[in-house]
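Going down the list, the protein sequences come from chains V and G.
For the first sequence, the numbering used here begins at 1 and goes up steadily by one.
For the second sequence, the numbering used here begins at 1001 and goes up steadily by one.
What the hints contain is simulated information worked out from the structure, not anything from laboratory work.
A hint or two may mislead.
[Said to hold, decoys possible] Below, in silico cross-link-like pairs of lysine to any residue (SDA-like), each with a Cα-Cα straight-line distance of 20 Å or less:
| hint | chain 1 | residue 1 | chain 2 | residue 2 |
| --- | --- | --- | --- | --- |
| 1 | G | K1341 | V | V75 |
| 2 | V | K341 | V | S368 |
| 3 | G | K1374 | V | V75 |
| 4 | V | K130 | G | L1336 |
| 5 | V | K79 | G | A1365 |
| 6 | V | K79 | G | Q1376 |
[What the hints assert, rightly or not] Listing some non-contacts, in silico: residues in chain V with all C-beta distances to chain G over 10 Å:
| hint | residue |
| --- | --- |
| 7 | G89 |
| 8 | V231 |
| 9 | E314 |
| 10 | K478 |
Each residue gets a CB set at the ideal place from its N, CA and C atoms; glycine is no exception.
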Amino acid sequence: MEWEVVIGLEIHVQLSTKTKIFSGASTAFGAEPNTQACAVDLALPGTLPVFNENALRMAVMFGLAVNSEIGKRSVFERKNYFYPDLPKGYQTTQLAEPIVGPGFIDIETDDGAQRRVRIHHAHLEEDAGKSLHEDFHGMSGIDLNRAGTPLVEIVSEPDMRTSKEAAAYARKIHAIVTTLGICDGNMAEGSMRCDCNVSIRPKGQEELGTRTELKNINSFRFIERAIDTEVARQIDLIEDGGRVVQETRLYDPDKNETRSMRSKEEANDYRYFPCPDLLPVIIDDSYIDAIRETLPELPDARRERFISEYSLSEYDAGVLSAYRPQADYYEQVVKLSGDTKLAANWVMGELAKFLNQNDTDIKDSPVSAEQLGGLLVRIKDNTISGNIAKKVFELMWSKGGSADEIIEAEGLKQVTDTGAIEKIVDEVIASADKQVEQYKAAEPDKRGKMIGFFMGQVMKATGGKANPGAVTGILKQKLDALCD
Amino acid sequence: MFELTLAELARGLDNGDFSSTELTQAYLQRIKSLDGQYNAFITVTEEQALAQAKAADEARAAGKAGALCGLPIAHKDLFCTQDVRTSSASKMLDNFISPYDATIVSRLKNAGSVMLGKLNMDEFAMGSSNESSFYGAVRNPWDTDRVPGGSSGGSAAAVAARLTPAATGSDTGGSIRQPAALCGVTGIKPTYGRVSRYGMIAFASSLDQAGPMAQTAEDCAMTLNAMAGFDPLDSTSAERDTEDYTSALNQPLAGLKIGLPKEYFSAALDSGVAEQVRNAVAEFEKLGATVKEVSLPNTELCIPAYYILAPAEASSNLSRFDGVRYGYRCDNPVDLEDLYKRSRGEGFGTEVKRRIMVGAYALSAGYYDAYYRKAQQIRRMIQQDFVNVLNDVDVIMGPTTPHPAFKLGEKSSDPVSMYMEDIFTLSLNLAGLPGISIPCGQTQGLPVGLQIIGNYFAESKLLNVAHQFQQATDWHKQIPAGVEV
């Protein structure tokens, strides 16, 4: 039987407010356990929440960026359940009246077409703390630093049909929230976490199959793999005469399998009700319009502009526009170098390679856009070749300094003086009789390829500093002269 | 000296008749020798009190006396007090030392007051007799076989026995006004949002409101001056200017329009109480007020609505007491579920557990609409009833409670009969309105309370009306037989 996969995503995005959603404690990541949890976060008796208006502003920004209706009235509710890292015994969240109503984004599907994914709603809520089960001699530790960090939970409609679409949707959400500057986008630190609702149905069937929920996936690659694994499990199950049970499952990336966490029968009754400690949040059009004015250029618009203004390919424009710090960096390099394609090649090539190898975010790149721009200027004016530029870049990365300083200090300036090059070419030709004979014996249309050897020798002799264009011209001229 | 009101003590301090240290020592001594009969205090903070008194004397000598400088006060034990046990009268918090002061505690401290200690109450403020305290029942100074009312029973008994000139209380369904009535003292529940709830251990957040209890309306006005006002730490506190509640106390009552709800004078009302309340109303007529009958038609719906909403909120508010971070934890839990079940099962008393179960049930899937939502609708109807009547009259008057103080144990096996004690008081919490209870007579040798209800933020008016009555009568000056001053 042919199966259709139906996927909906719930994405939790940590908002990059300085303080927590209902208290004045810091939200910075990585502090010593429980040093960033105040009386409110610890749920000491008598403490009360005060809503952080910055979280509201960021949620509204998101809503506007995904074409949503903004809730003029939104209400915090309590979701009651017991867990050691949930200090109050309830999570403050939104249910019936969320801040962000229905909206949509467009993603590119595998075949290059666009698919619209509808957003059901997005709501504000507080994050829980963390339970730590290692290093406590069989006991558990609780770290409440994360408790009260503001989250926006973005709930999609079940509009995705492949794991790739799901990952593309998640990437697009990531691009939007980082472009808006409302989330640092650091998935390894849990700034964006994804729950995938997955079901299958016979192709052509209208009715949805029973879904399972894959919890807390924190990379795009794992989204794809977790869904693929779960789809295969569901298909096997049904084709063997079994039945999918509605449940929450955990994806184990090490074993590449999903396993059951809890079934619907074991699910909590959360006993939601409006939080009496917080007033309904009421906003008006002027508040929303003022925020709309502050929205930066969004990834889709930026990609279109990169294509039309910079003549980039769809692919390059898509990659460069997906992450705002990278797009900003790229545009700065373009501005300084005046070469959109060269800038794209370097930002997506050498720079990306170094960032990846060193696990560094472009925001923390040791080579600034100004440095890279300066380097590209020296490629363009023939001061150095592309190969030498890579060497300069490496030094820039490891030791700092401007392109000009490094070129000067290392004596890497390109030799463009044809007299000097001619002298070296003569020496190379004189010392390579065998290759010269081969060259002469070759068909004229094959000779071009054979210049490579001589080129390499010249570069070796000049320490790579000879201008490759000039060397090629002179070599060709002198070798061809020998053939006559 | 112990018969003196807060205002009189303030004058004594101003005149140099005694120092705050002398005053504080005298009250501490009195608590030590007499409180064994009443059990009004859970914790006496002698050391801090003497230090605060000394600081107050120094401030006064330096000409920097605040409004309550050097005056003793005691706090209901659900107000968090830094470095002092704050138990909410529960085994659950018997070991809880608060690391911070409630907003009202720090405001009263900043006004110069001296904290004598922490007062007994019903566990987590759930009760109308002060019999549910982990620290044992409080006894009514008028008859120690009788209850002082609740949940601020320790506050009321302490003022009635003159163990403190003033106390703080909290009122979720009548917990200031009902014990004030049963103990013959004055207590005001302000408008919801007038006094910060920050640092007050929550029972039912949308109903809880702190207020002062003392011998007189004037004393309550002085204390409320220090307590009231917007608090950025409490999102439900009212962003509204504060006022001097003592400034309007002496306005004459000529032309005051009083409404008497016919529903409050039904057959269920004790005849002695009814008689004293009618006498008090007649006194107001002598002071120039006019009286008319009004109707609050949904009065009988108050109790069922309240006993859905308050337990629903409580069931969630008390979830934080889980044995994980602070408070009571059971011995040797075998796993997480065991830790929760036994810590909460052993740490909470019967009435608290009853309300948590009722509340969790009312909020559970499939019952929410029938119970919680319906109760919220009733709440709006009740509020509308009051708004309609208060468009027509200045204040509403009636009995604070249907009966005078009942015997210890008399109602403790019958929760519904206990809940009925709050029928006149809890409608105000549902509506968010202010109300004051003042002593207005006696029946069977026990005090009777008159409740005066005003419009939103009409605390000044209520205190003025109460003060004028207390200028004309001396019910507030009655001291229980057996209480020597």
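Verification of the supplied hints:
Between K1341 of chain G and V75 of chain V the CA atoms are separated by roughly 31 Å; this puts the pair beyond 20 Å, and the hint is violated. With a C-alpha separation of about 18 Å, the suggested pair K341 of chain V and S368 of chain V falls inside the 20 Å cut-off, and the hint holds. Among the hinted pairs, K1374 of chain G with V75 of chain V is consistent with the structure: their alpha-carbon atoms are about 19 Å apart, no more than 20 Å. Restraint check for K130 of chain V and L1336 of chain G: the C-alpha separation of about 15 Å stays at or below 20 Å, so the hint holds.
The suggested pairing of K79 of chain V with A1365 of chain G holds, with an alpha-carbon distance near 12 Å, which does not exceed 20 Å. Taking the CA atoms of K79 of chain V and Q1376 of chain G, the gap is near 19 Å; set against the 20 Å cutoff, the hint holds. Consistency note on G89 of chain V: stated as away from chain G, yet its beta-carbon is not over 10 Å from all of that chain's, at 2 Å minimum. Every Cβ of chain G is farther than 10 Å from the Cβ of V231 of chain V; the closest lies at roughly 31 Å, confirming the non-interface assignment.
E314 of chain V, annotated as away from the interface, keeps every beta carbon of chain G farther than 10 Å; the closest lies near 49 Å. Under the 10 Å C-beta cut-off, the non-interface status given to K478 of chain V relative to chain G holds; the minimum distance is some 84 Å.
In this structure, the earlier hints numbered 1 and 7 are contradicted, and the remaining ones agree with it.
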